[in-house]
Structures are given as structure tokens and as C-alpha cells.
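Using the hints provided, position chains B and C relative to the given structure of chain A.
Letter by letter, the chains look like this.
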Amino acid sequence: MPRGVIRKRTNTTRRPVPLPPTERARKVHSQFKTRRTLRWRVVDIVVASVIGVAAGLIFWIWNLFYAPVTAPLEVVAPGAQALLYGVWLFAGVLGGLIIRKPGAALYTELVAAIVSALVGTQWGGALTILSGLAQGLGAEIVFALFLYGNYRAYVAVLAGAGAGLGMAVNDLITWYPAMDFSFKAIYGVSAVISGALIAGLLSWLLARALARTGALSRFAAGREVAARA
Amino acid sequence: MTLLGPVRGTRRIHAINPVAKLTASLLLSVLLLVTIDWVSAAVALVLESILFLWAGLAPRAFFRRTAALWIAAPLAGVTTILYGVPAGQTYLQFGLIHVSDGSIALAVATVLRILAIGLPAVVLFATVDPTDLADGLAQVWHLPSRFVLGALAGIRLVGLFLDDWRQLELARRARGLGDSGRIRRFLNQAFALLVISLRRGSKLATAMEARGFGGDTVRTWARPSPFGGREWLLIAIGAVIGATALTAAVLAGTFRFVIG
Amino acid sequence: MPQTDDASRAHPAPPPAGRVPEGVAAPGARLSAEGWGWRHASRTAWAVRGLDLVIEPGERVLLLGASGAGKSTLAHAFAGVLGGADEGEQEGVLTVDGAEPERIRGRVGMLMQDPDSQLVLARVGDDVAFGCENLGVPRAEIWPRVDEALAAVGLDLPLDRSTSELSGGQKQRVALAGVLAMRPGVVLLDEPTANLDPAGVLDVRDAVAELVRSSRATFVVIEHRVDIWLDVVDRVVVLAPGGGVLADGDPHEVLRERGAELARGGVWVPGHDPLEGRSPRPAHPAGARGVPADVLLTGRELAVARVPGVPVASGLDVDVEAGAALALTGPNGAGKTTLALTLAGLILPEGGELAGSVELTRGTAVRRAARRMLARSPLLTSASPFVWRSRDLLTRIGTVFQDPEHQFVSGTVRGELEVGLRVLKLPEAEIAARVMETAGRLRLDHLLTANPYTLSGGEKRRLSVASALVARPSILILDEPTFGQDSRTWAELVLLLAEQVERGTSAVVVTHDRAFIDALADRELVVGAGGVR
Numbered sequence: 756m757p758r759g760v761i762r763k764r765t766n767t768t769r770r771p772v773p774l775p776p777t778e779r780a781r782k783v784h785s786q787f788k789t790r791r792t793l794r795w796r797v798v799d800i801v802v803a804s805v806i807g808v809a810a811g812l813i814f815w816i817w818n819l820f821y822a823p824v825t826a827p828l829e830v831v832a833p834g835a836q837a838l839l840y841g842v843w844l845f846a847g848v849l850g851g852l853i854i855r856k857p858g859a860a861l862y863t864e865l866v867a868a869i870v871s872a873l874v875g876t877q878w879g880g881a882l883t884i885l886s887g888l889a890q891g892l893g894a895e896i897v898f899a900l901f902l903y904g905n906y907r908a909y910v911a912v913l914a915g916a917g918a919g920l921g922m923a924v925n926d927l928i929t930w931y932p933a934m935d936f937s938f939k940a941i942y943g944v945s946a947v948i949s950g951a952l953i954a955g956l957l958s959w960l961l962a963r964a965l966a967r968t969g970a971l972s973r974f975a976a977g978r979e980v981a982a983r984a
Numbered sequence: 341m342t343l344l345g346p347v348r349g350t351r352r353i354h355a356i357n358p359v360a361k362l363t364a365s366l367l368l369s370v371l372l373l374v375t376i377d378w379v380s381a382a383v384a385l386v387l388e389s390i391l392f393l394w395a396g397l398a399p400r401a402f403f404r405r406t407a408a409l410w411i412a413a414p415l416a417g418v419t420t421i422l423y424g425v426p427a428g429q430t431y432l433q434f435g436l437i438h439v440s441d442g443s444i445a446l447a448v449a450t451v452l453r454i455l456a457i458g459l460p461a462v463v464l465f466a467t468v469d470p471t472d473l474a475d476g477l478a479q480v481w482h483l484p485s486r487f488v489l490g491a492l493a494g495i496r497l498v499g500l501f502l503d504d505w506r507q508l509e510l511a512r513r514a515r516g517l518g519d520s521g522r523i524r525r526f527l528n529q530a531f532a533l534l535v536i537s538l539r540r541g542s543k544l545a546t547a548m549e550a551r552g553f554g555g556d557t558v559r560t561w562a563r564p565s566p567f568g569g570r571e572w573l574l575i576a577i578g579a580v581i582g583a584t585a586l587t588a589a590v591l592a593g594t595f596r597f598v599i600g
Numbered sequence: 002m003p004q005t006d007d008a009s010r011a012h013p014a015p016p017p018a019g020r021v022p023e024g025v026a027a028p029g030a031r032l033s034a035e036g037w038g039w040r041h042a043s044r045t046a047w048a049v050r051g052l053d054l055v056i057e058p059g060e061r062v063l064l065l066g067a068s069g070a071g072k073s074t075l076a077h078a079f080a081g082v083l084g085g086a087d088e089g090e091q092e093g094v095l096t097v098d099g100a101e102p103e104r105i106r107g108r109v110g111m112l113m114q115d116p117d118s119q120l121v122l123a124r125v126g127d128d129v130a131f132g133c134e135n136l137g138v139p140r141a142e143i144w145p146r147v148d149e150a151l152a153a154v155g156l157d158l159p160l161d162r163s164t165s166e167l168s169g170g171q172k173q174r175v176a177l178a179g180v181l182a183m184r185p186g187v188v189l190l191d192e193p194t195a196n197l198d199p200a201g202v203l204d205v206r207d208a209v210a211e212l213v214r215s216s217r218a219t220f221v222v223i224e225h226r227v228d229i230w231l232d233v234v235d236r237v238v239v240l241a242p243g244g245g246v247l248a249d250g251d252p253h254e255v256l257r258e259r260g261a262e263l264a265r266g267g268v269w270v271p272g273h274d275p276l277e278g279r280s281p282r283p284a285h286p287a288g289a290r291g292v293p294a295d296v297l298l299t300g301r302e303l304a305v306a307r308v309p310g311v312p313v314a315s316g317l318d319v320d321v322e323a324g325a326a327l328a329l330t331g332p333n334g335a336g337k338t339t340l341a342l343t344l345a346g347l348i349l350p351e352g353g354e355l356a357g358s359v360e361l362t363r364g365t366a367v368r369r370a371a372r373r374m375l376a377r378s379p380l381l382t383s384a385s386p387f388v389w390r391s392r393d394l395l396t397r398i399g400t401v402f403q404d405p406e407h408q409f410v411s412g413t414v415r416g417e418l419e420v421g422l423r424v425l426k427l428p429e430a431e432i433a434a435r436v437m438e439t440a441g442r443l444r445l446d447h448l449l450t451a452n453p454y455t456l457s458g459g460e461k462r463r464l465s466v467a468s469a470l471v472a473r474p475s476i477l478i479l480d481e482p483t484f485g486q487d488s489r490t491w492a493e494l495v496l497l498l499a500e501q502v503e504r505g506t507s508a509v510v511v512t513h514d515r516a517f518i519d520a521l522a523d524r525e526l527v528v529g530a531g532g533v534r
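Top to bottom, those sequences are chains A, B and C. Once you know that position 149 of the first sequence is 904 in this note's numbering, the rest is easy, because the numbers rise by one and skip nothing. Once you know that position 93 of the second sequence is 433 in this note's numbering, the rest is easy, because the numbers rise by one and skip nothing. Once you know that position 37 of the third sequence is 38 in this note's numbering, the rest is easy, because the numbers rise by one and skip nothing.
No lab work stands behind these hints, which were simulated from the structure alone. A quick note: this is a predicted structure, and the numbers were derived from the prediction, not measured. There may be inaccurate statements among the hints.
[Unchecked claim] Short, incomplete list of chain C residues facing chain A, as computed with Cβ under 7 Å:
1) ALA42
2) SER43
3) ASN452
4) TYR454
5) THR455
[Unchecked claim] Label pairs and their in silico Cβ distance ranges:
6) B:ASP441 / C:ARG372: 43 to 53 Å
7) C:ASP157 / B:PRO566: 56 to 66 Å
8) C:HIS447 / A:ALA908: 29 to 39 Å
9) A:ALA832 / C:GLU360: 53 to 63 Å
10) A:PRO827 / B:ASP503: 29 to 39 Å
11) B:ASP503 / C:PRO199: 15 to 25 Å
All residues carry an ideal CB built from backbone N, CA and C; glycine is no exception.
This is chain A alone, in the form it adopts within the complex:
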């Protein structure tokens, strides 16, 4: 038998992924010969779920505290409370950055929403899950636009902004349909800014910090950082 008996059978279903454009990234890729596939491995599914569950718990804690924290913003400018709502969006961006598979952002945010619904939120199960869907979709679309091949900081920021947009659309329809235009405009802009910074930039930094701990050694996201360090 030739060398390389242990080899995935999914060779035929594997599609090539565009490599990140920079020289450094290309070097990292060639050095470690990791062939990328868009098919989810078991570890992708389980770790995405773990991120989702952890995020769901953080959401649940945030749900208990966010009202008093964001109330002052609301007094300053109604709708500006959304400036801190980016906390609810980090799950999807983080999942997308680490897992790097189609659907990862949507899946992670959705799991987080379902978990926080199971633990108990003031919004009830269905509404929470609906928010997760809208928020995850916002981030997912951005990662898809980059063909699941670019996970640099600016893409993370854009994905966060996308999630913020998804959240704003969903919230304004579900929760604030009766508000006047100025509220809706302030809310929407605040949500996008918050998504970009809290969910986008912070998730990117978080993913990098996680990679440095070696916890992501089974992921390309982890190996790249380890290779540079």
C-alpha cells in the first residue's frame, strides 16, 4: 500500500478555498500543507456548539444586567442603548472566525440564542431564537462575501457590523414597530457601530488570544497564530 493510507475519503467532495492574499499567510499555508475543506468535521461541530453554549451563558448573564447598564444611554438619546447591544452579537463572529466553515457564524449565534432561551430569557424561546437567526445571518453573509477565505481583522469588523444590522432589522420590527423615525435611525446606527466594535474587533482579538493558549490547535485559526509566534 502506498504512503498516506490514513486520508480523508472526502477528497472528491473537497473544494479548494482561495488562499488569503498576503505573502505571510501564503507562507504559513505552504509551510504546514494544511489542505482546507469546507465540509464540517466533527470537531468543528462540537467546538462551534461549545462556543455557542458558552456565549449563550454570557448572554444570559448580560440579560440580567444590560438594562441598568444601557439605560443612561437611552436617556441621552433614545435608541443609543443599542451601542452596547453588540455583546449579543459576538457569538456568531467568533464562531465564524474560529471554525471557518460555511454556516459557522449562523450556527454559533443560533446555538447561543437557543441556550439562552433554554436557561430562560425574559423574551421567551421563540423570540430569542428569531433574534439569533437574524444576528447570525448578518455576520454569515459577510463571511460568505469573502468566500470563507479571509478572516483578517477588517473582515471581522464587517461581520460584526453585519450582525448589528441583522439585529437592528429584527429588533425594530419585533420590539419597536411603534417608534418614530429618529428612534429607529439612532437605534440602527448604534447597533451597527456596536456590532463592528464589540462583536467584530473584540471577537477578532479574542480568537487570537484563544489561539495563543493552544486551545485551537485543531483549527487553522489556531495554527496560524501558533506558526507566527
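Relative to the frame of chain A, chains B and C by itself:
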């Protein structure tokens, strides 16, 4: 695990397939989300309140599980009173704050609507066991088993999170970091928890693969997930409540379509 | 817990425990590696290289090697879970019954080290059934297999018992039952007892021994504690670090020839003393010193509780003395760890009194959160460690947690060592000097810029001890410091702690490790049995 632990019991509601509970809850939510008016919300709330008697929750458990909802709904109401679309007579105007007949009516509708959507969802979810839900999602809805079970395994790790969190907290005090910076400490702890659980998740994935998970073999299910008459009945109840509420609103002339 | 009315739960009564039913004994499989090697994608060095090894059907093999010899990598490869080309590079050929392991997952049943990441599902029955479901076993056949497998590992548990309520030993046996229910041709155990207490180790060992006796499956175990498995195996294979086989053959012969070398590499070899005859406590036991020791911390009629209102142990009288080592022992669940964390000032005593000496209490202040408690509770005084500020604990009571990862707070080893000293506001020069001294003493000096989480198990343990010691606490409290450690780290810990105690530090150690107690402790408090021995 009391937070996630399902309320168990022998009442009929406990045995109903969780997928049916999810469907009924989603269906009812979607129907009630179409409009914002006090009639539809009130009608739904009254009908639901009757059914809560069969929900399999003792009164104490009911109020404990729905406590957050009873706080959130009035808060959303207050926001709407202050900033809702003004109409009719104005009572107070200060900056963007504008209290009027219109915003008060909307506030009442908002409070009732949140309760009407939220209460049944919380109540139905309270008796759902995650394992049974996963069984149902994979066998009844035929969602991909790799994802359903991967998510279920991830959720099981939550049970370990709570112990870990406590240890992390004690360790921070032991290491001299317990005196100040509550938010920083929280973030530091949350990061440590994430690292620990990602490692555990990676190992769990390996253990699952070692037991043949994720291969090409078509999976069997040790336990069936029955879906029959009583499941359809529950979904029908959800649909009827929603439809009745909407019809009442249309007849009363209060129906107010949300998008637009 | 109420029984569910699920029809599928109606199954025949399980066979008596300990007897392996015919069905569990699947025919053994043949494992083979030819010039095999594997390099993890994130590493430049090969984990295993140039390995030639054949294990025939039905053989019982103990796989040894120093840490880093690639034992786990090999086990993962045979189980078909290395992750394929995504996660690394392979050379040579490795087969199970002549086939790629990835294609026939389930033919090799693998059990790994950490009980918490072995169990997949929330209920015992579901978890044991999980492998069968994945292999497509028909429903009607699954439940009888589950009962058989649980009986084979000697567990008599309700099928809907929550897996998170089990002890470590029970969890490993449930996971083993899950492996057996698949009827594998190879049972492959990768350090299955490393995270278990002695009782759990014996439970798992006995279950496996019984299984091996009555089964035809090939059996491979990786373990650095030789004595556990010596009677169970008929062949020992020693892997060389960096690749290849160092020794292979009859267990006793291999250990006679290679025992000393293995022992130096950290393997626990029977007849080889990890301390190599060194006496860690010359003046031990304490009584011999004749000088009454200073008592730093006194507990009277102490009741301790992890959850307020639910005491796990009570009526405890404890004196923590300077320059002495106290071992806290007792069965699982007796409250040893809870007592240790209470003594450490981390948990509020449930009842009784706990007070630091005048010496120890000098300079402490009551933290804000505890002020109201202090006013309300008649038992608490400002001498109770629980009311002290967090920074007061650093120089008084250092705590080393059972899982080192729980106490990591920084991104580098240096940061771990510095963080407490900065809280104490020591001058920079002093901080740098102490960090270098402590790091050097615990062989961490070459790792100062490494991320704590990326260290090996032994290094993590040394760092967790170092980060407590660097603040020079009067009392050092350790929770199972020797759990899962190789013999080399074990000996280092004993010598280090002995040195600290001889210098006047007080050590309080929760442990099941008899050798550790014999080498170090002046006194032993058996929690759950009452009284000091």
C-alpha cells in the same frame, strides 16, 4: 443544573414531543408578531392563561421561571410610553420624550404582547429535556444528526461550566485578584472558562469520533421520538389561539400591521 | 427521579455484574504500523517517526515510553481519530485488520484520560448506546447490548441516571461500557486512570481485568503507572522518544532490562524509588523535633459546606502548624477539598470557629463584602481568613488548586508569577528577582514567555505551585498536587515541599497518595472519620 434542568413529571404535557412544543410556540409567536394592538394580545393572553392550568408547572415554578418576563414587559411599556409614535392628546413633551394617547395605547399593547408571546414560550420550554429535543429534531424534522448531536454534546458541557466557574472564582481570590475590578475579573474568568471548554470540546469531539460518530454509516436511534395525535393537537391549539386573537383584533378594528 | 414511560426502556433484566456475556467478546483485530510517522500540523518535529510494530489479535499489550514519546498519537492513529490531512502529515502505513483505521471506526474502541470529555450524552443509557447508534445497530439490538456492557464493567445504574452525577471512576466505567457495546476488535485505553483517585483506579482496573480475561479482543493500554496493569498484560512495548521501539517483549524481562531508564523518564516502575533514596524530611516526624510548633491557624468544631446550608463535614478540629505538613485524607465526598478551601479563606465556614494566629492576622483588613457578614455572624471575627482581603491571603495562605488551569490568570508564565507580586506592590527589582529565583527552582526559567495553557501536565503543575510560592505564604494549601503526575514530577514536588516545610512554611495537602504522605506529612487528618492520626 437547576437552571437548565427540565421540569419533570408525569402529566401529559411532559410526554409531548418537544418538537411539537417548539412548533406550537413558534407558530403562536409568528401569528402574534404580525400585529401590535391590545385586543389580539389580550385575547391570546386570556386563552393561554386557561391552558396554563395544564402546563405541568406548579404556581411557584411558573412564577419563578417567568419572573424576568414580568419585569421586562412593564419596562418595555415605559419605554414605549416615553418614545412611542405620538397620536391624539399630548400629556408631556420633553426633548424626544413625548407622552400621548397614542403612545399610552401602544404601551399597553406592547406589555400585553410581550406577555402573550413570552409566557407560553417559557412555559412550553420549561418541560423540554434537551436530549428529547435533539431526538425530535433529528428524527421528526430530519435535521442533520451530526449537528443535532454535536450541539447536544456541547450543551452537556454546560453542566461542567458551573463547577468550573466556581473554582475560577475561588482561584482568583486566592491569587490576590479578588479585591477590585469586578468587570475585569469577570472577563478574565470568562476567558479562562472558554479556554477550558474549547479544549474539552476538542477532546470530546475525538471521543465521539472514536465511537464511530460522524462517519458515513446511516445512524440508528436507540429511542424513538413519537409524533402523533397529541402533538398535532398542541400545534393546533397554538394555531387556534393565534388565529382567534388576530380575528378578534380585525373585528374590533384595532388590528395594526407591524411592517409598514 | 421519576421513570419515564418510554416503551423502549422495557428491556430484559441485566445479567449479574462482573460476568462478561458472550456477545461482548468480539474476535480480536490485528494492529500494524510499518515505517509509520505523524507530524501535527502546528509542529515542526514529528510526534512519531519510523515506527514498526505489529500487535496480533488477542494480545494484551502495555505501551510505555517517556512523556513526548508519541504514545497518545499512536493510540489516536489506531482509533482513526488523528484528524487526517487537515491536521497533520503522515508517512508510512498504519492499519487495523489491514484496513485504514478511519474507514472502520468502532473496530478499535478507545478510552481516553479525562472522564469529563469521554461522556457524550446526559443519561447513562443513552451514552452507552451512542456508539451502537453511530454504527447503525438496529434499535432492538441496542438496549440488550447496553445492559450487557454495563454489566461487564460492573455498573448497576438506572439507564436514565444523569452522567454528570457520577464519580470519576463511574464515569470512566460508563465510557468503557460505551466502548464495549460497540463490540470492538481492539480495546485501546489511553491513560484511563490518570485522573482518578485510588479507589476509582481499582474500579476501572478490575473491570478491565475481568473483561480481558473473558474476551477475545486485542487489548492495548498506555499508562505511566506500570504496577496497575502488570498482571493484566502479556507483552510490554516501550516507544523511544522521537520514534521507533526501544524494547518489546515479556513484561518482567523488559522491566528488568529497561526499568531504570524508564524510571528516569518518569514512568512509575515497581521497585524503583522516585526519590532514589533521598530523604525529604530529615527531622520527620514532627514529634522528634521536640519543640512545640507555632499554630498559625486554628479550627474548632468546624463545619464546612460547598453549598451554604449543606455541610459535608462537621466537628473538625484542625491546627495548622508552622514548619509542619498536614495531610487531609478520607474517602471521596467526605469534604477534604471543601475543608482545604475553607482553611484557605476561600469558603465561609458553615459552623464552628476558624481563626488565624495573632502573628498571621497582623496587617490584614476586613474586605468590604464581608463587613456586613462580620457584624451579623457571632462566629466570624476579624481573624477569620474568609473576611480578609484577597491580597492579604497572598503572603499568608497560598492555595494550589487541583486543576492548574483554574488558577491561570495571565498570558505568559512570567505574568503568572508576577501578578500576585504586583498586587502586593513590591518594587520592580524585587519582583524580577523573585520571579527568576522561583522559576529557576521549579525549572520554569526557559518557559517564561510561553502561554501557561500550552505547557505539559507536569509543567502546569510546577507553575501552579510556583505562582503560589513566589508570594512566600506562611501556609501553603495544595489539593491533590500529585494526581496524574509522572514519577519525576512527583519526586520534585516532594523535595520542594519538604524544603519549604523545613524552612518554616506550613503545608496542608489534600491527597490520596500514600507514598506522598509517607514522604512528607507530619500528621494526617482523616476527614469523615474524625480525629487526627
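**Item:** Hint check, failures only
**Value:** 7
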